[in-house]
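Asker: Please model the entire structure based on the sequences and the hints provided.
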Amino acid sequence: MTVDSTAARKPRRSSKRAGAKKAAGEPELVQLLTPEGERVEHPDYSIDLSPEELRGLYRDMVLTRRFDGEATTLQRQGELGLWASLLGQEAAQIGSGRATRDDDYVFPTYREHGVAWCRGVDPTNLLGMFRGVNHGGWDPNENNFHLYTIVIGSQALHATGYAMGVAKDGADSAVVAYFGDGASSQGDVAEAFTFAAVYNAPVVFFCQNNQWAISEPTERQTRVPLYQRAQGYGFPGVRVDGNDVLAVLAVTKAALDRARTGQGPMLVEAFTYRMGAHTTSDDPTRYRRDEERELWEAKDPILRLRAYLEKQGLADEAFFAGLETESDALAKRVRETVRSMPDPDHLAMFEHTYADGHTLVDEERAQFAAYQASFAEESK
Amino acid sequence: MTMSTEKLTIAKAINASLRTALETDPKVLVMGEDVGKLGGVFRVTDGLQKDFGEDRVIDTPLAESGIVGTAIGLALRGYRPVVEIQFDGFVFPAYDQIVTQLAKMHARALGKIKLPVVIRIPYGGAIGAVEHHSESPESLFAHVAGLKVVSPSNAADAYWMLQQAIQSDDPVIYFEPKRRYHDRSEVDTTAIPGPLHAARTVREGTDLTLAAYGPMVKTCLEAAAAAAEEGKSLEVLDLRSISPIDFDAVQKSVEKTGRLVVVHEAPVFFGSGAEIAARITERCFYHLEAPVLRVGGYHAPYPPSRLEDEYLPGLDRVLDSVDRALAYQG
Chain A
120 MTVDSTAARK PRRSSKRAGA KKAAGEPELV QLLTPEGERV EHPDYSIDLS PEELRGLYRD
180 MVLTRRFDGE ATTLQRQGEL GLWASLLGQE AAQIGSGRAT RDDDYVFPTY REHGVAWCRG
240 VDPTNLLGMF RGVNHGGWDP NENNFHLYTI VIGSQALHAT GYAMGVAKDG ADSAVVAYFG
300 DGASSQGDVA EAFTFAAVYN APVVFFCQNN QWAISEPTER QTRVPLYQRA QGYGFPGVRV
360 DGNDVLAVLA VTKAALDRAR TGQGPMLVEA FTYRMGAHTT SDDPTRYRRD EERELWEAKD
420 PILRLRAYLE KQGLADEAFF AGLETESDAL AKRVRETVRS MPDPDHLAMF EHTYADGHTL
480 VDEERAQFAA YQASFAEESK
Chain B
10 MTMSTEKLTI AKAINASLRT ALETDPKVLV MGEDVGKLGG VFRVTDGLQK DFGEDRVIDT
70 PLAESGIVGT AIGLALRGYR PVVEIQFDGF VFPAYDQIVT QLAKMHARAL GKIKLPVVIR
130 IPYGGAIGAV EHHSESPESL FAHVAGLKVV SPSNAADAYW MLQQAIQSDD PVIYFEPKRR
190 YHDRSEVDTT AIPGPLHAAR TVREGTDLTL AAYGPMVKTC LEAAAAAAEE GKSLEVLDLR
250 SISPIDFDAV QKSVEKTGRL VVVHEAPVFF GSGAEIAARI TERCFYHLEA PVLRVGGYHA
310 PYPPSRLEDE YLPGLDRVLD SVDRALAYQG
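If you're matching them up, the sequences are chains A and B in order. Using the numbering used here, the first residue of the first sequence is number 120, and each one after it goes up by one. Using the numbering used here, the first residue of the second sequence is number 10, and each one after it goes up by one.
Since the hints were derived computationally from the structure, they do not count as laboratory data. What you are looking at is a predicted structure, and each value in this text was computed from that prediction instead of being measured. Every residue, glycine too, gets a C-beta built ideally from N, C-alpha and C. One should not assume that every hint holds.
[Unchecked claim] Some chain A residues well away from chain B (every beta-carbon gap over 10 Å; in silico):
1. T153
2. T191
3. E198
4. F439
5. E443
6. R452
[Said to hold, decoys possible] The calculated DMTMM-like cross-link candidates involving lysine to aspartate or glutamate, where the alpha carbons are at most 25 Å apart (straight line), are:
7. K113(B) with D241(A)
8. K261(B) with E213(B)
9. K121(B) with D462(A)
10. K287(A) with E42(B)
11. K287(A) with D178(B)
Answerer: What follows is the structure in C-alpha cells.
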C-alpha cells in the first residue's frame, strides 16, 4: 500500500528558525524572552519596549498574581464560593491584554483576570460572581470587556458576531475571543472559526492552551497542535510561548493589526500552563504529576522578566520594593471590599429578567414580596 | 393619515414587515440560511437582499448555533438582528446559545446590555414534510425566563407582531404558522397595533372558551362554526403570545363561559395548555363548570406525514373535547 499525502511531503519550515525553542516532536513557538531571561529575536515578530513599558508589564503580572492569590485565600476563608485561578498564565493574559486598544472589544472566559486588569476593570468587580452576589458585576461597555462566560466556548461566537458588526460599521477596531484548549473541542468555537473566516471578521482567537481542561490533557482534545486548526479554516495560526509576555504582546499586536487592516481573523495559541487547580473545587493530584508542574515552574513568566530587568539594569531595588508595597495595598483593598460586599436585596432576583418587562415576572415578584411581608407582620 | 390596507398572505405580510424594518432602522439585519438570493425556503425573505444588499440580508453558513451566537455579538455591537431558523426541528443546535446566552445575558449584565434579537421559526405540521420539519417546540422556549415567545395566526398580526418584536429590547422567538403561510387577510400597515402580548377574542360565545394561537386559531374558528350549527356557542381566543400569556383575557372569558379547552399542535404533556389549565384553575376555580381540557399532539415523536392528520388536533378532535367539557353539568 502506498500513502500519498501532501501533508507528509510538506517540508517542516520550523527547523531553521531562530528564537524557536522546541522539544522533540513539538512545533516551534514564538519566543522573545527565554525562561532564563535572555532576549532572543524572531524573524516574524519583534518588539521594542522602553524600560518603563517593560516595568509596566512586570507590574501588571505581579499585581495580577497577587490579586489572584488573594482571591484563592478568600475562597479558602469562605468569602468566595469558588475561584478560578490564573496562576501561571499571567504573561499570556497581560501580553495579550496590553496589545489591545481602548476601542477594541474583549470576550473573556471566566479566568481572564489579567486581561480584565489590562482593560481597566476593577479587580474587585470580578469577585461578585464568585461570591454569589451577582452573575457579573460590571458594565461590559465601560471597558469593552464582556462579562465572563462560563459555558465553554460560547463567547467565541459572540466575539465573531461583534467583529462582524465592527466591519459593518467600517471601524478599525478589533475583537479578541479568549478560550482554552478544552474549548477548542466545542462546536461553537469551530462555528466561530467558520463565520469569522467567511465574513473576514476582525477577530483574534486567543487560545490559552494551559495543557489541562480540568483533568483532561490537551491530547484528549486534539491530535494536532491547536494553532494548526486555523489552516483548515483559511486563516493563519501561530503558537507563541505563553509564558513570555514580550512574545505574547508582539504576536497579539500583529494579529490585531492584521484584523484591523481588513486581513481577517487569526488564531494565536499561547502555550502555557495552569499552575494551580482548575478551580478551588478541583484536586489536580488525582490526575497530574508534580514533576510536570516543576518543569513549568522553571518557565515562570514573572521570574523570567524579572531576571531580564535585573540583568539589564532596567529596574532597581526601589522599584521592586515599591511594587511589593503596592501589591500589599491591592490585596488589602480586595479583602476589605469582598468582606463588605452586601448580599443583594431578595427582590433583586426578579430584576433585569427582561428589558421591557413581563407580566409573569411582575406577578411573581408581587407574590414573593407579599409572602416576605407576611413574616414582618407576624413578628409584630 | 392615509390608509394602507391590502390583502396579504402571512408570508407576504412577514416579508413586508421585514422590509419596513430594514427601511426604517439601519441597524436591522436579516440573517439565516438561504434568506438572501433564494429568499428563504418559503420565500418569506424574497427580494430583500436584492434591495438591501448582502451586508444587511445575510446568507449565513449552515450552522444554527453560529447564526444565533453571532447575532448575539451583533446585538452587543448595536445591531438588531432578525434571525431565521429554517425549520422548527433545526433550532436545537442553537438551543444552547438561545437558552444559555441570549435569554440570560441581560440579567447577567444587571440590565446594562440589551439583546434585541428576533428569532423567526416556521413551525408546526400538516405540510406533508419529512422528519424535523413539522414540530411545535414553543414550550421549550416559553419555559425559559428572559425569552418572549409569540405566534401570529393571521397576516395583520404577522406584520405588526413582527414589527413589535423587532422593536422590543428583549429577545423574541417568533413562531410562524407555516401551514398558514398562504392564508390571506387584510393588513393595515398604518394601523396602530395593540400590545404585542395581549390575547384577542376572535369569536364571541357563551358556552365554552377555545384558546389557541398560531395555526390552531383557524382550526378553532372552524370548530366554533361547526358547533354553532349544533346550537353551541363557543368563544375563541387567539392568545397570540405564549410568553407572557395573557391570563387576564383567558380568565375574563372563562368567568363568562365556565369552560375552557386549550388547543395547540405541540404535545399536550408539559405543553402551554398545561400551564394555562393550572393557572386558570387557580384563578377561576369557582367559575369552572368542567375541568380545563387540552387538545394537542401526543407524547410520541412527530409521526411520518401519512399519520400527521391523526396526530394533529383537527376539527373533530377539538369538537370531541368540546363535547366532553360540555358533558359536565352541575
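Asker: Does each hint fit the structure? Answer for all of them.
Answerer: Each hint, compared with the structure:
Chain B leaves T153(A) outside its interface by the beta-carbon criterion, the shortest separation being 38 Å against a cut-off of 10 Å. Distance check for T191(A) against chain B: the nearest CB is about 24 Å away, which clears 10 Å, and the non-interface claim stands. Here E198(A) stays apart from chain B, with its beta-carbon at least about 21 Å from theirs, past the 10 Å limit. For F439(A), the condition that its CB be more than 10 Å from all CB atoms of chain B holds, with the nearest at approximately 39 Å.
No Cβ of chain B approaches the Cβ of E443(A) within 10 Å, the least distance being about 35 Å, so the stated non-interface status holds. For R452(A), the requirement that its beta carbon stay farther than 10 Å from each beta carbon of chain B is met, with the minimum near 22 Å. Restraint check: the Cα-Cα separation between K113(B) and D241(A) comes to about 23 Å, which is no more than 25 Å; the hinted pair holds. With a CA separation close to 12 Å, the supplied pair K261(B) and E213(B) stays within the 25 Å bound.
Annotation: proposed proximity of K121(B) to D462(A) holds, straight-line Cα distance about 20 Å (limit 25 Å). For the hint pairing K287(A) with E42(B), the CA-to-CA distance comes to about 19 Å; that is within 25 Å, so the pair holds. For the suggested pair K287(A) and D178(B), the alpha carbons sit about 21 Å apart, so the restraint of at most 25 Å is met.
Checked against the numbered hints above, the structure violates none of them.
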